[in-house]
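Engineer: Residues per chain are reported as follows:
There are 2 protein chains.
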Amino acid sequence: MIAGIEFGGTKTVVAIGHADGRLVEEFRYLTTNPDDTLRTAVEWIRLRGNPEAVGVGAFGPIILAQDKPEYGRMLATPKPGWEGFSLSAALRDAFPDVRIVIETDVNAAALAESRCGAALGLDDVVYITIGTGIGAGMLSGGRLVHGALHPEFGHLKVPRFSGDDFAGVCPFHGACLEGLASGPAIAARWGAEASTLPPGHKAWEMQAWYLAHGVLALAAILAPSRVVIGGGVSQVESFHALVGSTFRKLSAGYFTYGEGVDFIMPPSLGQQAGILGALLLVACG
Amino acid sequence: MIAGIEFGGTKTVVAIGHADGRLVEEFRYLTTNPDDTLRTAVEWIRLRGNPEAVGVGAFGPIILAQDKPEYGRMLATPKPGWEGFSLSAALRDAFPDVRIVIETDVNAAALAESRCGAALGLDDVVYITIGTGIGAGMLSGGRLVHGALHPEFGHLKVPRFSGDDFAGVCPFHGACLEGLASGPAIAARWGAEASTLPPGHKAWEMQAWYLAHGVLALAAILAPSRVVIGGGVSQVESFHALVGSTFRKLSAGYFTYGEGVDFIMPPSLGQQAGILGALLLVACG
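From first to last, the protein sequence lines are chains A and B. Just add 810 to wherever you are in the first sequence, counting from 1, and you've got our numbering. Just add 810 to wherever you are in the second sequence, counting from 1, and you've got our numbering.
Be careful, since some hints might not be right.
Since copy identity is lost for identical chains, a pair holds within one copy or between any two.
Claimed, not checked - Straight-line alpha carbon distances no greater than 30 Å define the calculated BS3-like cross-link-like pairs of lysine-lysine that follow: (1) K1059 <-> K821; (2) K821 <-> K1012; (3) K1059 <-> K878; (4) K1059 <-> K889; (5) K878 <-> K889; (6) K1012 <-> K878; (7) K889 <-> K1012; (8) K878 <-> K821.
I should point out that these hints are in silico values taken from the structure, not numbers from a laboratory.
Okay, chain A solo, but in the shape it has when bound (with noise of 0.2 Å):
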């Protein structure tokens, strides 16, 4: 038996199964300080027996290299409490022995989709979440990307859609992707929530353009065979054809594996990405 913790900005979920993915059981609740939404955890696994392995998708920004004594270590976050918090400390004194691997969230949803979801048996895929902020996970060659710390995607800056002025919401960089297309940038532009905007409103042909100017970079950089974008603005009907659409049309048929119309997909997963990926981890983290 294994054990699977996600913490989400809102919610955590933990979880015990197997190191394939397979899921026995799992728990769902609010996030709250750390040593609460730990505790949390923790209880809910000893009361399940003594794990042989923990895998853990968070939120960031966390530091990720293995090697180093600040592993699993909380950086800069606006979430009260965090910062500077030690996930991998935390669960060390919880289960003394016990191996401890820790991943970025969206990376744990990427491995997910990679190996039982969206993108299955590939191994280089992004997986995009467009929500409150924006953020991708993401294999290349079959491993998960990590770099000096991790990818911190929404914040690459992309060509304006024609006639678009909005000023962005992004606190650092005003206009950058997630600021202007993630979607407390929707709400303040339109003045209305993603979710209320029909299929066919002008809203969503300026959010193709900006995703799809994120995935032609995703493109020139990675090279992924495919892109799964998830998270609550994706949601409308049409979206991801949209998108696919727009990037076929930027990239004027040079990213050719990028043609098909399985290139950007919704994921399969939905809810359980996170948590699916928890558990994947523990074998090839």
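Fit chain B to the supplied structure of chain A, relying on the hints for placement.
Structural biologist: Chain B alone, transformed into the frame defined by chain A:
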């Protein structure tokens, strides 16, 4: 003894040396048609003995997946006669039972700079070259990035420099990064070769803007710890410092690992990067 070959659009370099990158002897000559170009390299190598392995860095696009029968085959290229030519088949005929490892020229250069150059010892490294085109080789977690084909970094799109309405020279995309900031783009925009434009010319401020946006996309996607920029158009005085300061302004304190003055560096192997990378490939390709 191992052999290395660098097939460039203009010149080809062949060398013998060791798998740790120590070069014993090299020979440079003009790239012509594939048969003649390859034969020259093969004869030069044979005169020096039978190599244990051959590492190749080549211009692209080229198929890099070692498990495909098309491994080492050139795809659509404007270079006459090369489209469809299989480097691996030709080299296997010339050196039966010898291990052949094939990479892009930019990946070979990225590997060389990370093993014995300006990114010594780093595992997350990008090598950009700006000349006739803009390309990049990438090392993520110590492994060369291939993806579905290989990165075509020059073809991402970035926001316009204020007031720049030049249409761009990319035959596919017009104003992609390569279309706006390659050598031919500079020559067409300013009516003068890049090498004749003095430091302080407005061209360099604009050039730094475009390159810094490309580096921002790299930071958001691969999070490299160092970006090495080479190629003819990067030779002007203070170019790397200017791209670095523009990147830091754009990053606005977000990509903190990129704030050091050594984040963006010139190559230290110069003309030798490609051929040294070809030798190094044998041990890690």
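Engineer: Which of the stated hints cannot be reconciled with the structure, identified by number in ascending sequence?
Structural biologist: Violated hints (numbers, rising): 1, 2, 6, 7; every other hint is consistent with the structure.
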